[in-house]
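Following the hints, position chain B against chain A.
Going down the list, the protein sequences come from chains A and B. Each residue of the first sequence is one higher than the one before, counting from 1 in the numbering used here. Each residue of the second sequence is one higher than the one before, counting from 1 in the numbering used here.
Fair warning: there could be bad hints in the mix.
Pairs of lysine-lysine, DSS-like flavour, derived with a Cα cap of 30 Å [said to hold, decoys possible]:
#1 K138/B <-> K10/A
#2 K10/A <-> K154/B
#3 K10/A <-> K150/B
#4 K10/A <-> K156/B
Simulated from the structure, these hints should not be mistaken for laboratory data.
Now for the letters of each chain:
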Amino acid sequence: MSAPRVHTGKFFMHGDYACAEGALAAGCDFFAGYPITPSTEIAEHLSYRMPQIGGTFIQMEDELASIAAIIGASAAGARSMTATSGPGLSLMMENLGLAVMLETPCVIIDIQRGSPSTGLPTMAGQSDVMQAQWGSHGDYEIVAYAPSSPQEIFDLTVLAFNVADRFRTPVILLGDEVIGHMMERVVIPNEDEIMHWERKRPKSPPGNNGNYKAFLPDDDDLVPPMAHAGEGYRVHFTGLTHDEQGYPAMDADTHHKLVTRLIDKIRSNADQIIRTEEYFLDDAEIVVISYGCTARSARRAVREAREQGIKVGMLRLISIWPFPEQMIKALGEQANAFIVAEMNLGQIRREVERFVSQPVIGVHHAGGAMIPPEPILKEIVNCQLKTGEKPWPKVMILRSD
Amino acid sequence: MRTEIRISGFGGQGVGLAGNIVGKAISIYDGREAVMTQAYGPEARGGASSANIVASERSIDYPFVQNPDILIALSQEAYTKFRPDAKPDALILIDDGLVHPFEDDQPYGIPATHLAEELGRRIVTNMVMLGFFTAVTKAVSREAMEEAIKSSVKEKFIELNLNAFETGFNYVKEKTS
Chain A
1 MSAPRVHTGK FFMHGDYACA EGALAAGCDF FAGYPITPST EIAEHLSYRM PQIGGTFIQM
61 EDELASIAAI IGASAAGARS MTATSGPGLS LMMENLGLAV MLETPCVIID IQRGSPSTGL
121 PTMAGQSDVM QAQWGSHGDY EIVAYAPSSP QEIFDLTVLA FNVADRFRTP VILLGDEVIG
181 HMMERVVIPN EDEIMHWERK RPKSPPGNNG NYKAFLPDDD DLVPPMAHAG EGYRVHFTGL
241 THDEQGYPAM DADTHHKLVT RLIDKIRSNA DQIIRTEEYF LDDAEIVVIS YGCTARSARR
301 AVREAREQGI KVGMLRLISI WPFPEQMIKA LGEQANAFIV AEMNLGQIRR EVERFVSQPV
361 IGVHHAGGAM IPPEPILKEI VNCQLKTGEK PWPKVMILRS D
Chain B
1 MRTEIRISGF GGQGVGLAGN IVGKAISIYD GREAVMTQAY GPEARGGASS ANIVASERSI
61 DYPFVQNPDI LIALSQEAYT KFRPDAKPDA LILIDDGLVH PFEDDQPYGI PATHLAEELG
121 RRIVTNMVML GFFTAVTKAV SREAMEEAIK SSVKEKFIEL NLNAFETGFN YVKEKTS
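Isolated chain B (complex conformation):
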């Protein structure tokens, strides 16, 4: 089955690295197929940026995300811009400290930025969200994600990133509404 995943936020929130880790976890450590594309050009500078992953059991032909099955929004602008493209029944994951969802939307929320700050480094907001994403969506195994994180960040930051991932993974999952 083809699953379309969009990870969005503003520049500097680590959206590209997060996408890279999800793609790597699926295609290298989970033994399935994954393709990632990113927006290039002026639209990728500032404002809402995104990393787009298509995951599947078999080889992927068309590589672009059209209507996400899973949308992660780390900023209000990203949520407002990308929510309409996602499937109506898509799994929506937001940083609910930063994003106010549409009235009729029922996303899964986690204060990822706040939790990352509590860990001492706001820069690991993306890892908190990836942990939450892994627990909520089960789109990729926890083990594969951890392997992908280990092979994607500098050695001295592995522990910090894995802690952040675990924080998000263990966050009590509750739908905000």
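Pulled out of the complex, with its shape left as it was, chain A reads as follows:
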């Protein structure tokens, strides 16, 4: 049984299936995972599609093994992926740090549900945002994208693979149950129109070992070229602090140099990684910041407030990490107030507060139900009424209905 790798066409498609199709279109040929609601349909669809294109699908014994398998497959040259939800992401945290340390590209899909712990398996959440950045021990920078539609799950899954390969880093797709389980139009382009950034590869052939160092960047993007297992290069992989050859080097200077390079590798290339959407921001005095499914409600709230004559706009975070701090700072030059709408109790609101001096008002919900447009619109109207009033009261909405 065979079928095309890229399912070109126009479909009314489930978000999780769009993710699976995005992975295949991006060239993913290795999936290892442990099914968990609400990401299960990704594994389900890939279990059917991977054999069609000669790829590998493995249902692992758990999430620890799942991420270990995709790191190994990546080291051997595959574009590899796993898919999970909050509880599984927690179990993947140790090896997420290993992927950062070994600079092995891989994609981790997290379709978020109500958390902490087992939480609300079948209902939406957006509360893994901070875990994505800080869940593994140590200092590092992660890349994370947050889709707002099935089309964007497809597009951002493709982007995630390319960013992972280009910068030798794990990339997390922070989806949510609403987007993962909704059906909407998805347009899949022709195979030759799918973006493709190459993994950097050694310039000298194997066998000439003095010339290739697996952890030595060869230009100022700080990304070392990557040899693949089995090609004949002598490469040593360890989670211990290592030198440019990959051998353990237990000293403070090497450690500081390595960890700062891993962070700078992402920060200095942030302009190639960050994606945002601006909506009515040009003359906005009130700026709404939102992402994922919540951004759909925020968009309607902004549109309805505009119809009332309120100068409000939205910055939609398509990428969440690295955080677009320069953009937020620039908006601080024009805005009187910020509103952050998110299905958690203030994870991105606190980030925004770090970069602006204006009041930052949260519209929050712990998860289980998508935030509708009304409470966001209500806060926009409140902001408008309070303009000029000091001191600004900080409003935190905890909806209990």
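Then chain B, alone, in the frame of chain A:
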């Protein structure tokens, strides 16, 4: 304009496929926007299940159906559960062989299950209802629905499903009261 459509029934009546076909017809073949959501979890197992579609001329922000403009009920339990959420003046379509409406309600009725049985396969009850829905509500074009059916069912069942759709489409539309 935003139109909210809920298709409801009990498990096995093909509510999910029916929703999928309506969403596909609108968003792929009619050139408008559509989003479909379904209930997941224990509430979706047995009992009254539903497929929910939001249709609009422009991109859809909030994707959930709150107060349906159009409600299809293929079972009594689904009607009793979902009728109160629908707008008072919503278009209500029922299988009037199975559903007894509230006294003050005036739904459009079709014996969809019975008509499907006459076609030889009760499994196409959902297609009979979709034909009726298309003729009564005009929420989506007949051509788009037929294209969506053709691309959603196995090839050997296309004819049966299109026949069922046509049966429902041509059913004399009369309000039961």
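Hints the structure violates: just list their numbers, smallest first. Nothing - there is no hint that the structure violates, so all of them hold.
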